[in-house]
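Please put together the full structure from these sequences, using the hints given.
Protein chains: 2
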Amino acid sequence: MALRVQKYGGTSVADIQRISRVADRVIKAHEAGDQMVVVLSAMAGVTDKLISLARQAAITPDKRELDVLLATGEQTTAALMAILLKSRGYKARSFLGFQAGIHTDQTPGKARILDIDAQKVKKALDQGHICVVAGFQGADNNGDITTLGRGGSDTSAVAIAASLKADVCEIFTDVDGVYTTDPRICAKARKIDRISYEEMLEMAVLGAKVLQIRSVDFAKKYNIPLHVRSSFNEEDGTMVVNESADMESAVVSGITCDMNETRITLKRVPDQPGISAKIFGPLADAEIMVDMIIQNTRTGGETDLTFTVTKDDFDRALQISEAVAKEVGAEEVLSAKDIAKVSVIGLGMKSHSGVAATMFKALAEENINIRLISTSEIRISCVILAKYAELAVRALHAAFGLDGDN
Amino acid sequence: MALRVQKYGGTSVADIQRISRVADRVIKAHEAGDQMVVVLSAMAGVTDKLISLARQAAITPDKRELDVLLATGEQTTAALMAILLKSRGYKARSFLGFQAGIHTDQTPGKARILDIDAQKVKKALDQGHICVVAGFQGADNNGDITTLGRGGSDTSAVAIAASLKADVCEIFTDVDGVYTTDPRICAKARKIDRISYEEMLEMAVLGAKVLQIRSVDFAKKYNIPLHVRSSFNEEDGTMVVNESADMESAVVSGITCDMNETRITLKRVPDQPGISAKIFGPLADAEIMVDMIIQNTRTGGETDLTFTVTKDDFDRALQISEAVAKEVGAEEVLSAKDIAKVSVIGLGMKSHSGVAATMFKALAEENINIRLISTSEIRISCVILAKYAELAVRALHAAFGLDGDN
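The listed protein sequences derive, respectively, from chains A and B. Numbered per UniProt numbering, the first sequence spans residues 1 to 406. Numbered per UniProt numbering, the second sequence spans residues 1 to 406.
To be clear, the hints were calculated from the coordinates, so they are not data collected in a lab. Misleading hints may appear alongside valid ones.
Pairs involving identical chains hold if they fit within one copy or between any two copies, as the list cannot separate such chains.
As a list, the in silico SDA-like pairs of lysine to any residue whose alpha-carbon atoms are at most 20 angstroms apart [said to hold, decoys possible]:
id, residue 1, residue 2
1, K49, A14
2, K361, D315
3, K123, D140
4, K28, V168
5, K91, A58
6, K122, N141
7, K350, E377
8, K387, D271
9, K350, A325
10, K120, G143
11, K49, I16
12, K120, D140
13, K123, G143
14, K350, E332
15, K63, R88
16, K120, N141
17, K337, D291
18, K122, N142
19, K91, I59
20, K49, D15
21, K337, D304
22, K110, D312
23, K28, D236
24, K278, I213
25, K91, G143
This structure is a prediction, so every number in the text was calculated from the model and none was measured.
The following block contains the structure:
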C-alpha cells in the first residue's frame, strides 16, 4: 500500500467528462489499495476568465481580492470531483487550501508556503477517504486566502506529499513527460525517463514549463520523487529524483530555449567601485528580475555592462537604464528584443570537460553568432538572435547525441 | 454616523455594470460618514448554473460538497466588489462567511447560524474599510463550508447586523418593498411603509418571497430594523420593525396567495386515540412538511382528516397516505393539486372582531367555495380552487380597504 499524491492540471479537468476520467484513474489506484490524495487545478480557461472579469472591474485589480476571486476556480473543481467520487460510492472529501493546512506568507498572487499541517487530510485518509485538495491556494496568518502563482498547484501537491511523507507525487499534465527539448521545435526530441531535481530546476527555469519551479525545489528539499506523466494515457512519464550514479552517464540531458528575454547594454560605463549597485539597485527597487549579467572590461577605465530581463519588464528596465546611464556618464544604452537564450543542461557537465567547446562548435557550424554566454554548474546558456533559435536547438540536440529514432 | 448593513440580491449584482452601480450607492453612504457593511448574493443565474454543473457530475450531488461548490458564487461577487471599491480609491476588504465569523450547525444546504463573531469585520470598519461579506455561507465546527439555503444572504446580513449592533439592515432587491399583495395579481396593490416582524413572518411564509423567513426571525429576536427596498431607485421601501401603537390602526396589512400547496384527505378514518400519530409519524419520518391539518368529526366514530403539503412533496405524501389508509382502515384517500391558499394578515386582527366574517363574505360574493380554513393569531387562511386565486386576492384586497389609487 502506497500513499500517492496526484496532481491534475487544467486541461485534465476541463469538463465533467474529463473530471470523470480522472476519477476513473483515482478509483483504480484506490481500489488497488493505495491511499489517494488528488490535487486539482481550475478547469482549463477558468482562471483566465476570472482574471478578465476582475479586469472589467478594475484596470489593476487589487491583489488580495484577486486571490479571493481566483481561488474559486480550484474550489469548483475540488467540489465537483468529490461529488463525482461520492456518487460512485466512494468515501471522498474536498479540502480547500486552508482546510488542507497550507499556510503561506502574505504575498498575494505569488504566496510562498511557510508550512503545512496536513493532519486533517491524514485523518481523512486513515478513515478511508479519497482526499481531494484545491490546488494553487492557501491562507496566511490572518486567515486571508492567498494563491501560489501560475502552476502553483504543482507546489500544493508536492508540499502536501512532503507533509504526508507520500511515496510519490504524480504530476499529470497534457504531455507525456519531460523531453530532451521542445518537440514542437525539434522532431527528434525524446522523452526523458529519469532526471535529477537539479537538471529539472534548470529545465524549468529555462522554459520547459512542465512544472512550477518551486515545486521542484520543494520536492528536492524533502526528497519526494516526482512523476511527470500524461493524464490521457497509462504510459510512464519522467521520474524527477535525486541525483544518482547511473544518471551521470549522460553528459547533457536536455536543451532549452527561452524566447522571453531581452537585452540591455550600457556602453562605456566608468569602471568604478559601486557602479553596479547604482545600476542594479533601481532595477531591484522596481522589482525587475535581472537574469544574465555580463561585464566586459574595456581599456581606459571603462566597461560595457549587459544584462537581460523578460519582455514584460523591458520597457521599465530600459527607462530606468537610460536615467542611470545619464547619471553615471555612460556613453549610450543599446537594447534588443529579438534575442533567444538556448541552453544545454546536464549533471554530467560537472565531470566532463568539452561541453562548452561542443556547444560553441555546433553553433559556429550553423553560422550562428553568440552574443552573450553564461554558465552554471550544470548549464551553459548562449544568447543568440531569435531567428536562429529553432536551428540552434536542433543543432545542439544532434551535437549532444540526444536525437531519438522517431 | 450610522452603522449600516446593506444586502444586495443576485439581480442587483448580475454583472460588472450593476456591481458598479451598487458600489456607487455604497460609496455615497460611506462618503456621508456611515460605516458600511455590504452583504452580497451570487450574480443572478450563477447558483443555478453551479447546481446544473453538480448535477452533471451526480444525479444527487453530495450536500457537503455542493455547499463547497455553491459558496464560490458569493465569493466571486464579494471579491469583485472589493476590487471595484479599491480601484476607486476606497479602503475595502472582502470577507468570506467563515472570515466574517458566521458559525453554523452542520446541516449542509440549509445550515442554521449558531453564533457570529464579527470582530474582524468590526476591526476593519474601525480602520475605515468598507466591508464586503459573501452572503449565504458560513462554516461549521469542523471548519467545513456550509450554506444557509435559498435567500440565505438575507439571514447573513441580519445576523451580521445583529452582531455589530447595526442601526439598520437594508435589504436591496428588485422590487420597491413589501406590497399589500402581489402586484402581478392585483393592480391596486400598494407598497406598505411599515410592517411588524410578526406580519412580515406571516407574509414571508405565505409566499411573499421578499425576505428569507429566518432573516425576519433573526431581526425580530435582536430588534434590528429591516429596510426592504429597491436597488434600482432611491425611494424608501418598507420598514420591518417592532410592533408599535400606530400600526394597529390597520386591521389587515396584506393578502397573500400560495399556489404551491396540495391537499390530501383520508376519508372515514376510525376516530381512535393515536390515529393522528399513525398518519403523521411516517410523513415526518420522510421529512415532509405538513402545513394545514383539519379534522372533521363525523357521526359514528369516524373522522375525515385533511392536510396540505407542497407540490414537491405531493407524490411521496400520497404514497405514504395510501399505505397508512389501508393500515388504519380508512375508506379512501382523496387528493387535489389544483388548490390555492389565500390569506389575510394583520396585527389588528388581535383586537378587531369580524375579520373572518368579512373574509368569508367577500369570497362568497364572488361565489368562491372555501375548502379548508386555518387561523393563527394574526392570519386567516382559506384553501380554494386554484382557478379562483386571483379573483379571491382582488376581492379580499378591496374588502379590507387596501386598494390604492393607482
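Quiz item: Does the structure break any of the earlier hints, and which numbers would those be?
Solution: As far as the earlier hints go, 2, 8, 9, 14, 24 are violated by this structure, in ascending order.
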